[in-house]
Every structure is written in C-alpha cells, then in structure tokens.
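Participant: Model the full structure from these sequences, guided by the hints.
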Amino acid sequence: MSDNTLTRMDLSEAVFREVGLSRNESAQLVEGVLQHMSDALARGETVKISSFGTFSVRDKAARVGRNPKTGDEVPIHPRRVLTFRPSHLMKERVAQGNKG
Amino acid sequence: MIRSELIQKISEENPHLFQRDVERIVNTIFDEIIEAMARGDRVELRGFGAFSVKKRDARTGRNPRTGESVPVEEKHVPFFKTGKLLRDRLNGG
Chain W
17 MSDNTLTRMD LSEAVFREVG LSRNESAQLV EGVLQHMSDA LARGETVKIS
67 SFGTFSVRDK AARVGRNPKT GDEVPIHPRR VLTFRPSHLM KERVAQGNKG
Chain D
0 MIRSELIQKI SEENPHLFQR DVERIVNTIF DEIIEAMARG DRVELRGFGA
50 FSVKKRDART GRNPRTGESV PVEEKHVPFF KTGKLLRDRL NGG
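These protein sequences, in sequence, are chains W and D.
Counting from 17, one number per residue, gives the positions in the first sequence under the working numbering.
Counting from 0, one number per residue, gives the positions in the second sequence under the working numbering.
A couple of the hints might just be wrong.
[What the hints assert, rightly or not] Straight-line C-alpha distance at most 27 Å; calculated DSSO-like pairs for lysine-lysine:
# : chain 1 : residue 1 : chain 2 : residue 2
1 : W       : LYS115    : D       : LYS83
2 : W       : LYS76     : D       : LYS8
3 : D       : LYS54     : W       : LYS115
4 : D       : LYS54     : D       : LYS8
5 : D       : LYS74     : W       : LYS85
6 : D       : LYS74     : W       : LYS115
7 : D       : LYS74     : D       : LYS54
Derived from the structure by calculation, the hints contain no laboratory data.
Facilitator: Next up, the structure:
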C-alpha cells in the first residue's frame, strides 16, 4: 500500500484537469458537492451515489457505557450515526487494487 | 438524495456551466476517491469524513448452508469514518 493521503486539494486538482475550470472554481465545486451531501444527511436523508456507495443515518438507542480506564458507568445518550455502505464496484476496485 | 439530484442542485447553483460538465465534475470527484482507495491511499475530507482501506486477514469461513469450512483469502475493504463536524450536525450541533 502506498499510504498517501488525499485531501480536498487533490480532488479539486482532478476536477481542474478534467474540466478545465479555474483552480478556484474547481475547489468551490468540490466543496459544493460535500456541502449538499452533508446538508441532506443532516436532514436525515439517505445519500445514494450509484456505483460509489450509500450513506445512511441511523438512530442509536441510549445505553449504559463504561469508562474503560476507571470502570465507571456512564450514560450514552440516544444519538444519530452515519453509516457508509460501499457499492459493489468500489469493493471490487479496492479488493483488486490492493491484492498481493 | 441520489447522484442525479446532487448533479441537479450543483447545476442550479452554477447556471454558467453545462449540465454535462457538472456531471463530469461530480463523477470525477467520486471516481478519484475510488481510484485513491484502489491504490491503498486514504482520502481525508475534513468536516465530512475520511475514506480508507482496511485489511481483513485470511480466515476460515463456513458455508452457511452446508456448514462446510472454506478458506477465505486476505482482502482489503473500503472504510468510511464520519468527520466530527458532520457527526455533530447529525445530532443537531
């Protein structure tokens, strides 16, 4: 594994190369995509991107947790969590690309 | 929300762009993330979340129907961890 980390900048650069908009506008478009996805998720919507994956919001019930260091019981409040289910294509590409 | 609705929203905000360009832009973003993970790279999008690759060790699985043991090879799977800002927003933060 090469172990590099990509950021927004790398995605903007890819958009810049692909479409030939300015770097600034490419960055704004990347931001817009993330913003719209975040907004939909914050409203509790599922975001389903075909051949990429599905982000869905799940409700978690309250439970009693424990501080692993002290063993003290701590209440964990009900909360919403995000789960990502990768598409078949993504799983396939990741499995193939990292093989051996 | 599905891919086409996302493209629609971005198009509405950018009336100077052709819809087919917006499609290419959105597709490029998602393709780039997949290609990065296929190379074993991480994609860290602050506030939104991080995509990474996790290694699953080889194990002995079982055919649930027959109960037979089957060797399962080591494999790599995509993983997403939600960013702090988005996690807080989901909980009304």
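Participant: With a cut-off of 27 Å on the C-alpha distance, tell me whether LYS115/W and LYS83/D pass.
Facilitator: Not satisfied, since the Cα-Cα distance of roughly 31 Å exceeds 27 Å.
Participant: Hint check: LYS74/D vs LYS54/D, CA-CA at most 27 Å. Holds or violated?
Facilitator: Within the cut-off at roughly 6 Å; holds.
Participant: For the pair we were handed, LYS74/D and LYS85/W, check the Cα-Cα distance against 27 Å.
Facilitator: violated, 33 Å
Participant: Measure nothing beyond the straight line between the CA atoms of LYS54/D and LYS115/W; if it is 27 Å or shorter, mark the hint as holding.
Facilitator: Measuring from Cα to Cα gives roughly 10 Å; hence the hint holds.
Participant: Are the Cα atoms of LYS76/W and LYS8/D separated by 27 Å or less?
Facilitator: violated, 30 Å
Participant: Holds or violated: LYS54/D and LYS8/D, Cα atoms, limit 27 Å.
Facilitator: Given that 27 Å is the threshold and the Cα spacing comes to 36 Å, the pair is violated.
Participant: Checking one constraint from the list: CA of LYS74/D to CA of LYS115/W, max 27 Å. Satisfied?
Facilitator: holds, 7 Å
Comparing the model with each numbered hint stated earlier shows that hints 1, 2, 4, 5 do not hold.
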